[in-house]
Amino acid sequence: GAGVSQSPSNKVTEKGKDVELRCDPISGHTALYWYRQSLGQGLEFLIYFQGNSAPDKSGLPSDRFSAERTGGSVSTLTIQRTQQEDSAVYLCASSSRQGQSEAFFGQGTRLTVV
Amino acid sequence: GENVEQHPSTLSVQEGDSAVIKCTYSDSASNYFPWYKQELGKRPQLIIDIRSNVGEKKDQRIAVTLNKTAKHFSLHITETQPEDSAVYFCAAMQGGADGLTFGKGTHLIIQP
Numbered sequence: 009g010a011g012v013s014q015s016p017s018n019k020v021t022e023k024g025k026d027v028e029l030r031c032d033p034i035s036g037h038t039a040l041y042w043y044r045q046s047l048g049q050g051l052e053f054l055i056y057f058q059g060n061s062a063p064d065k066s067g068l069p070s071d072r073f074s075a076e077r078t079g080g081s082v083s084t085l086t087i088q089r090t091q092q093e094d095s096a097v098y099l100c101a102s103s104s105r106q107g108q109s110e111a112f113f114g115q116g117t118r119l120t121v122v
Numbered sequence: 008g009e010n011v012e013q014h015p016s017t018l019s020v021q022e023g024d025s026a027v028i029k030c031t032y033s034d035s036a037s038n039y040f041p042w043y044k045q046e047l048g049k050r051p052q053l054i055i056d057i058r059s060n061v062g063e064k065k066d067q068r069i070a071v072t073l074n075k076t077a078k079h080f081s082l083h084i085t086e087t088q089p090e091d092s093a094v095y096f097c098a099a100m101q102g103g104a105d106g107l108t109f110g111k112g113t114h115l116i117i118q119p
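Chains A and B, in that order, give the protein sequences. Note that the first sequence covers residues 9 to 122 in my numbering. Note that the second sequence covers residues 8 to 119 in my numbering.
Some hints here could point you the wrong way.
[Said to hold, decoys possible] Which stretches of chain A does chain B cover? Using the computed rule of at least three CB atoms under 8 Å from a CB of chain B, they are:
| no. | segment |
| --- | --- |
| 1 | 18 to 26 |
| 2 | 46 to 60 |
| 3 | 113 to 119 |
[As the list claims (entries may be wrong)] With a cut-off of at most 20 Å between alpha-carbon atoms, the simulated EDC-like pairs for lysine to aspartate or glutamate come out as follows:
| no. | chain 1 | residue 1 | chain 2 | residue 2 |
| --- | --- | --- | --- | --- |
| 4 | A | Lys-25 | A | Glu-110 |
| 5 | A | Lys-65 | B | Asp-91 |
| 6 | A | Lys-23 | A | Asp-71 |
| 7 | B | Lys-49 | A | Asp-32 |
| 8 | B | Lys-49 | A | Asp-71 |
| 9 | B | Lys-111 | A | Glu-110 |
| 10 | B | Lys-111 | A | Glu-93 |
| 11 | B | Lys-49 | A | Glu-110 |
| 12 | B | Lys-65 | B | Asp-91 |
For the record, the hints were derived by calculation from the structure and aren't laboratory data. All C-beta atoms in this analysis are idealised placements derived from N, C-alpha and C, irrespective of residue type, glycine included.
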């Protein structure tokens, strides 16, 4: 299957620890998005990568959050010094063209900060 | 940046009736408007999308309309069925550097 893959699917971490969430987009997709979804809530935009352009980081909630995309493929979202309010499902999506085609979502990483 | 408002937050309709969900957007440069369906515990999936060069698009029981002048677009589901129960998200995007901005979602409940 060549869908968007995220790992881990579940992560429980202690408050104050750092976590890394990984996203493998569909091969060849140039656009990659990260969203956060709290229980029963909407899709909160975090960051957007498009090809070799500088990422749109306008949605990152604080400087504890960062993301990178190496070689235009795999992306890692890092949350430093996790807080309980960071608990949510983190969704990654990718699409093949610049803003004009379907975004395919991964299954998400459920992060629980205890 | 883009701001997308979605209404209602919850919609309950009788099976067989129609459902309409409405969204407005703020950036007149936005030109791509997809709708996603998210079933409980699952990932969002595209159900229909529309580009700014058309005013309406239909796919079986689902249709989307776009009014660029008023900056709003709507999802119409006819002859609703139990499997239509889900959360629906609208989104808007300007082609280029900006990401895909979603509305807050509508929880559609189909009453038997």
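Results of checking the hints against the structure:
Counting residues of the segment 18 to 26 of chain A whose CB lies closer than 8 Å to any CB of chain B gives 0, which falls below the minimum of 3, so the coverage claim is violated. Against chain B, the segment 46 to 60 of chain A contributes 7 residues with a C-beta closer than 8 Å to a partner C-beta. That satisfies the three-residue criterion, and the hint holds. For a cut-off of 8 Å, the count of residues in the segment 113 to 119 of chain A with a CB near a CB of chain B stands at 4, and the three-residue condition holds. Of the pairs offered as hints, the one joining Lys-25 of chain A and Glu-110 of chain A is violated, with about 35 Å between alpha carbons and a cut-off of 20 Å exceeded.
The suggested pairing of Lys-65 of chain A with Asp-91 of chain B is violated, with an alpha-carbon distance near 34 Å, which exceeds 20 Å. For a cut-off of 20 Å, the pair hint linking Lys-23 of chain A to Asp-71 of chain A stands: about 16 Å separates their Cα positions. For the hint pairing Lys-49 of chain B with Asp-32 of chain A, the CA-to-CA distance comes to about 18 Å; that is within 20 Å, so the pair holds. Of the supplied pair hints, the one linking Lys-49 of chain B and Asp-71 of chain A is violated, its CA atoms being roughly 29 Å apart against a limit of 20 Å.
Between Lys-111 of chain B and Glu-110 of chain A the CA atoms are separated by roughly 19 Å; this keeps the pair inside 20 Å, and the hint holds. As the CA atoms of Lys-111 of chain B and Glu-93 of chain A are separated by approximately 19 Å, the hinted pair is consistent with the 20 Å bound. Our distance criterion of 20 Å between C-alpha atoms is met by Lys-49 of chain B and Glu-110 of chain A, whose separation comes to about 17 Å. Restraint check: the Cα-Cα separation between Lys-65 of chain B and Asp-91 of chain B comes to about 16 Å, which is no more than 20 Å; the hinted pair holds.
Hints 1, 4, 5, 8 from the list above are not met by this structure, while the remaining hints are.
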